[in-house]
Amino acid sequence: MPPKINESTKEERRAYTLEAWRCLNDCESCGKCRILRGLDVETLYNDYIEGIREYIDITLEIRNNY
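Per the numbering used here, the sequence shown runs over residues 1 to 66.
In short, the hints are calculated from the structure, not lab data.
Note that CB positions come from ideal geometry on N, CA and C, so glycine has one too.
Any given hint could turn out to be false.
Pair by pair, the computed Cβ-Cβ distance ranges are [as the list claims (entries may be wrong)]: (1) 27 to 6: 14 to 24 Å; (2) 7 to 38: 30 to 40 Å; (3) 24 to 63: 17 to 27 Å; (4) 61 to 3: 13 to 23 Å; (5) 19 to 53: 13 to 23 Å; (6) 51 to 28: 16 to 26 Å; (7) 28 to 8: 26 to 36 Å; (8) 56 to 24: 16 to 26 Å; (9) 26 to 51: 24 to 34 Å; (10) 4 to 63: 12 to 22 Å; (11) 51 to 29: 29 to 39 Å; (12) 50 to 28: 11 to 21 Å.
With the sequences and hints as input, model every part of the structure.
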């Protein structure tokens, strides 16, 4: 579960995001690169890292729009 904004620091949120989207070097099974489509995870989740929007809201937006 991602750290809640009001219970975490910016560094904790960044670390969680980077770990959650870490490359597994198994592109056939993973699918993370396909979801991100070459975009930088820190850019996509910047609002979460900065404490503006929840992780799940951004994740749903990515899945629906990309």
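Verification of the supplied hints:
no., hint, verdict
1, 27 to 6: 14 to 24 Å, "violated (36 Å)"
2, 7 to 38: 30 to 40 Å, "holds (32 Å)"
3, 24 to 63: 17 to 27 Å, "holds (19 Å)"
4, 61 to 3: 13 to 23 Å, "holds (19 Å)"
5, 19 to 53: 13 to 23 Å, "holds (19 Å)"
6, 51 to 28: 16 to 26 Å, "violated (36 Å)"
7, 28 to 8: 26 to 36 Å, "holds (33 Å)"
8, 56 to 24: 16 to 26 Å, "holds (21 Å)"
9, 26 to 51: 24 to 34 Å, "holds (32 Å)"
10, 4 to 63: 12 to 22 Å, "holds (21 Å)"
11, 51 to 29: 29 to 39 Å, "holds (33 Å)"
12, 50 to 28: 11 to 21 Å, "violated (34 Å)"
When each numbered hint is compared with the structure, violations occur for hints 1, 6 and 12.
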